[in-house]
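For this one, chain W is given, so just place chain Y on it according to the hints.
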Amino acid sequence: MQEFLLEIKDLSVRFFTNQGIVEALESVNIGIGRGEILGLVGESGCGKSVLARSILRLIHDPPGKIIAGQVLFKGEDILKASKKRLQQIRGNNISMIFQEPMTSLNPVFTVGNQMREVVQLHQRLSSEKAQETCVRMLEQVKIPDPEKILDRYPHELSGGMRQRVMIAMELSCQPDLLIADEPTTALDVTIQAQVLTVLSDLTRRNRTSLLFITHDLGVVAQLCDRVAVMYAGEIVEEAPVLDIFSSAQHPYTQGLLHAIPLLHEERETLSVIPGIVPGLIKPPGGCRFHPRCLKRFHPCDRGIPKLSQVNSGHHVACHLYAEG
Amino acid sequence: MGLPFIEVKDLVKYFPLRKGFWGRRIEFVRAVDSVSFSIHSGETFGLVGESGCGKSTVGNLILGLLSPDKGKILYKGRDIKGQQDRKSKKVRRNIQVVFQDPQSSLDPRMLIKKTVGYPLEINKLAKGAEIIERVKILLAEVGLKEEHMYRYPHEFSGGQRQRISIARALSTAPEFVVFDEPTSSLDVSVQAQILNLIKELQQRNNYSYLFISHNLSVVKHISHRVAVMYLGLIVESAPKNILFDRPLHPYTQALLGSIPLPDPTRRQPFAVLEGDVPSPVNIPSGCRFHPRCPKRLEQCDRLSPPYKEVEEGHWVACLLC
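Protein chains in written order, with numbering that gives the first Met the number 0: chain W, 0 to 323; chain Y, 0 to 320.
Just chain W, with the same shape it has in the complex:
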């Protein structure tokens, strides 16, 4: 059994809203090894961001509530940690980048101001040392003229620059795990290529684990070691990246892979997953994918399929592969 840096066990999250109870996560199990890049893919509303936020307890309560499960970081349950301990874990051990850097950076302070605050707070450095660290970090993310950039305000930078500033800031405390929630979705392809290159170089070099959340299967194929596919609040398949793309087992993963237009292959018509993503206020019973599944058979609308191993390291939650 592989030793995980972070292990999520049976995590369930609910949102209690006026419209009803949103079953956002339903007993999710996943682990991330040391230095591993894990891709978390799924369509909008499938709960991937909720999962990421739950790890650092960033779910707003109310309306959200983590109702069951554990988030074990080096064996310690983050969900039970004291406020003080949580503050140490955030930033020092686990840090996070969001999709829209403008909402994570404070518009009324300069970039340098915000970066120095992070390093000073977490590493207790003098202001000169902090300045040096910031310059070095910005150089690492390939920002030209780092001294000048430190005196700028966030609105003076382009989207790609801001995202690189965020990466520099989050990696400045050398966390063990970085969570990146769709960090390149708002960027153009050429800028996305720059940011992804920086991100993968830095995490590989420092052996930082990376949880990379995206809906872009191309990014997953190029960047990740292992992939988990989410659908309607559940993990439906989890496998090494080569296995997912060569021998996906879950009908949803298969459908997803066949629905993307390819650059190097002609597909006359794209194969389609019929129907739409279900709402999570009363999700379909049994396997949540069954109303859209092309391969459904009798147990699908009743029993909830468990993640079971089909190959070494390849797990699927589908009745087609259930044991016995």
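Don't take each hint at face value.
Unchecked claim - Once the Cα atoms are required to be at most 27 Å apart in a straight line, the calculated BS3-like pairs of lysine-lysine come out as:
{"no.": "1", "chain 1": "Y", "residue 1": "Lys144", "chain 2": "W", "residue 2": "Lys294"}
{"no.": "2", "chain 1": "Y", "residue 1": "Lys113", "chain 2": "Y", "residue 2": "Lys123"}
{"no.": "3", "chain 1": "W", "residue 1": "Lys141", "chain 2": "Y", "residue 2": "Lys294"}
{"no.": "4", "chain 1": "Y", "residue 1": "Lys18", "chain 2": "W", "residue 2": "Lys147"}
FYI, nobody ran anything at the bench for these hints, they're computed from the structure.
Computed from a prediction, not measured in an experiment: that's the story for all the values here.
The following block gives chain Y in isolation, referenced to the frame of chain W:
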């Protein structure tokens, strides 16, 4: 091939920008700066580029939502530039549009029946019960049901709303439809449904399309010919297989090299371009791409490259070619 269906010649659109003390200094956003192309009957012409390159402005100019500063837009050989009078209404109803965000392009207080039937009403193409009949047929054509007529946009998912937008665009039986990033706000599984629908409708009715998108894989899938825009100019255009197999412009090459391929056995370092897209207010001299170009020559900052045909149907604006 005969007369092109839509022909755009040297189209120019600048947006003034007031700066300085009391807005006395005027600068220009050069959104579209001399763009020419033609689209034939039954053809899909794809227009790709990064945000701010002017691709949507080109679409809006053809639709008559903006009037060009210079240049010609010929519809079946007839200039329709800037015509917004009653006479041109007949022409305009043959040119329809589907926008990116169906949330904001559908009126939230209109029943679907009204939304889809409205173009018929204002163009006096149908009346009363006839409108209802036509709406029924249109909804069926885009894969929606009859009972959907009596619902409001908020009761639908994103993909269904985009189907409604398509039904509305097709209501006047147009010959030409502009799609401005129609699938950018949709998930992959739904995007596939909409792309298939758009293709099917073309095969059935021989529509011509202008398909604007930033997603190269989608554009390749749907188009017959593709043009790449950078900072208000078309830098390369060709039939899709030529453009994607043998791109000549360094910008096209970089764009293709930056796409993450969904195939883990073909991992390769991205073709990383230096720097950001310059602002369309301060456009670099000479070739607009030269500050970021990995293959730039000495004279690239002085000479603007001519847009010329290097092989049949393959046009490039680069000094290297």
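Each hint, compared with the structure:
1. With a C-alpha separation of about 25 Å, the suggested pair lysine 144(Y) and lysine 294(W) falls inside the 27 Å cut-off, and the hint holds.
2. As the CA atoms of lysine 113(Y) and lysine 123(Y) are separated by approximately 14 Å, the hinted pair is consistent with the 27 Å bound.
3. Our distance criterion of 27 Å between C-alpha atoms is met by lysine 141(W) and lysine 294(Y), whose separation comes to about 21 Å.
4. Straight-line distance between C-alpha atoms of lysine 18(Y) and lysine 147(W) comes to about 25 Å, which keeps the hinted pair within the 27 Å bound.
Violated hints for the displayed structure: none, as all numbered hints are satisfied.
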